[in-house]
Amino acid sequence: MRAIPALALLLASLASHAETPQQIRQIYVAEASSQQAGFTPSATRGDAFFRQRFASNDKMPACTSCHTDNPLNAGEHAVTGKSIKPLAVAANPARLSDPAKVEKWFGRNCKEVVGRACTPAEKADFVTFLSEVR
Amino acid sequence: MKRLLLIALLGSAFPALADRLPLPANAPASFTTECSSCHIAYQPALLQAADWRKLMAGLGDHFGSDATVDEKTGQEIGTFLERHAGSASRPGSAGNPPRITQTARFIRKHDEIPAKYWRDPRVKSAANCEACHPDAAKGSYSEHDISIRELRE
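Going down the list, the sequences are from chains A and B. Counting from 1, one number per residue, gives the positions in the first sequence under my numbering. Counting from 135, one number per residue, gives the positions in the second sequence under my numbering.
Pulled out of the complex, with its shape left as it was, chain B reads as follows (with noise of 0.2 Å):
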């Protein structure tokens, strides 16, 4: 019992070592489809609402793509992404226009990855997070399961 509760308080003091980000299940599933064509449909709590709203606006020019979608997709997407987003405290402020890997939390966590990594072929992107994280889409970014050997240390 006393074992348990170590384990839980463990737990509490610790949220960040589970590393799970699962799609809230209500997702639509214009958000999957939509989101998930060039690059992985990254789970809401990676950024915060205000950026999210910054994002969704700006899908004309996304990153250098158009990624425009029909006022009504864009609507259930937003909805979605902004009632389920990260708080402002957690991921932190993303810049303009909104990168996850500009947050706070995006960069903590990755502070140990030398350079070179981003770089490497079987990366291409920080964007492709299934490179290092393969059941990212799942909302799994656990340390244990790095794909890249040399990192998993």
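Only chain A is shown next, with the shape it has when bound in the complex (with noise of 0.2 Å):
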């Protein structure tokens, strides 16, 4: 009887755990393929999608805007000044780590930066990117 709490606790805190880079990445690369069959992420082309310049906003034309050309380094939100934390896995151990917030970020930064939706190939590639850069 008392090894009930102790496994309700037990499975709260695992249904609480931060998720991995590389489960998060698992996410983005099964929509990917479900779209394209044989889809491999790629860090390069996460890299390049990075620092693509996009015509879409004066203030913000690419990711580097505010997250500078280095993803290792803490960024600098362009309008307001407000300081960002890195996003690079290997400098901030906290990216990287909630589906939901990555979903966010990419769903308000893509509309924002890119001007559009991102998409799954895009996303795959860039979380692999971030999260293998060093």
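A portion of the hints provided could be inaccurate.
[As the list claims (entries may be wrong)] From the structure, some residues in chain A lie toward chain B, with a derived Cβ separation under 7 Å:
{"#": "1", "residue": "77"}
{"#": "2", "residue": "79"}
{"#": "3", "residue": "80"}
{"#": "4", "residue": "81"}
{"#": "5", "residue": "82"}
{"#": "6", "residue": "85"}
{"#": "7", "residue": "112"}
[Unchecked claim] Taking lysine-lysine pairs in the BS3-like style, the calculated list, with each CA pair at most 30 Å apart, reads:
{"#": "8", "chain 1": "A", "residue 1": "59", "chain 2": "B", "residue 2": "188"}
{"#": "9", "chain 1": "A", "residue 1": "111", "chain 2": "B", "residue 2": "258"}
{"#": "10", "chain 1": "A", "residue 1": "104", "chain 2": "B", "residue 2": "272"}
[To be verified] Chain A is nowhere near these chain B residues, computed Cβ spacing over 12 Å in every case:
{"#": "11", "residue": "157"}
{"#": "12", "residue": "200"}
{"#": "13", "residue": "210"}
{"#": "14", "residue": "232"}
{"#": "15", "residue": "260"}
Don't read these hints as lab results, they were simulated from the structure. Just so we're clear, the structure is a prediction, and the values are computed from it rather than from any experiment. Ideal Cβ positions, reconstructed from N, Cα and C, are used throughout, including at glycine.
Got two chains here, each in a separate frame; can you build the complex from them with the hints?
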């Protein structure tokens, strides 16, 4: 009987346990693969996407506008000046640990900087880049 | 004793000198996480309730950014902001869309700041309270710890 609350606690702690960058990458890879057979994520493509200038937003033409050209560095919001912790997992282990948070920021930033929603393939590449860059 | 009384009197006569707007202790976690990603989590007392309501209703285009939150989070943050909002007479109306920098209180408090400082690369934007008030996120807007030396006097 005493084991039941303990088990419930264990399950609760597992449920709220942070995901790993690999698990988050896998979510997007699975989604991309369903649209494009044989899809393999690429850190190189993710890197290029990170640096690409999209002609959508004057103040934030690229990811680098706020995140600097090195994801290992802290960034700064291009409009408000608020400091932003590094995007790269190697510099900031809290990154890519919460799928809902990752999806929220892809949602906002793709719309604002890229000017459209990002594709699952772009997200998979980007996540791969951020989890591997050193 | 007389001296204490005098201090107390002075304090109540110039409450604005304190310039402290601490964040109410019951702030929900969602308020801090959602509202401090792109700027400091501005204290609820900086706007009146009607202006917070207006602001929360327009998060889809929040000064050019998509700052939408899910319904439950929006409710939680909105309730907190309105409950601890500034009284209508203190910050004053903030315009539409509501901007803290358009309230009479903000304008009065900053009327001696020469225009060039608002364009200074260290400041970047009037939304960047911390450029001059290093402890703004903790609710301290005292004139005594302005981090831009030329503005300290």
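Hint by hint, here is what the structure shows:
no. : hint               : verdict
1   : 77                 : holds (5 Å)
2   : 79                 : holds (6 Å)
3   : 80                 : holds (4 Å)
4   : 81                 : holds (4 Å)
5   : 82                 : holds (5 Å)
6   : 85                 : violated (10 Å)
7   : 112                : holds (6 Å)
8   : 59(A) with 188(B)  : holds (25 Å)
9   : 111(A) with 258(B) : holds (23 Å)
10  : 104(A) with 272(B) : holds (26 Å)
11  : 157                : holds (17 Å)
12  : 200                : violated (5 Å)
13  : 210                : holds (16 Å)
14  : 232                : holds (16 Å)
15  : 260                : violated (10 Å)
Checked against the numbered hints given earlier, this structure breaks hints 6, 12 and 15; the rest are met.
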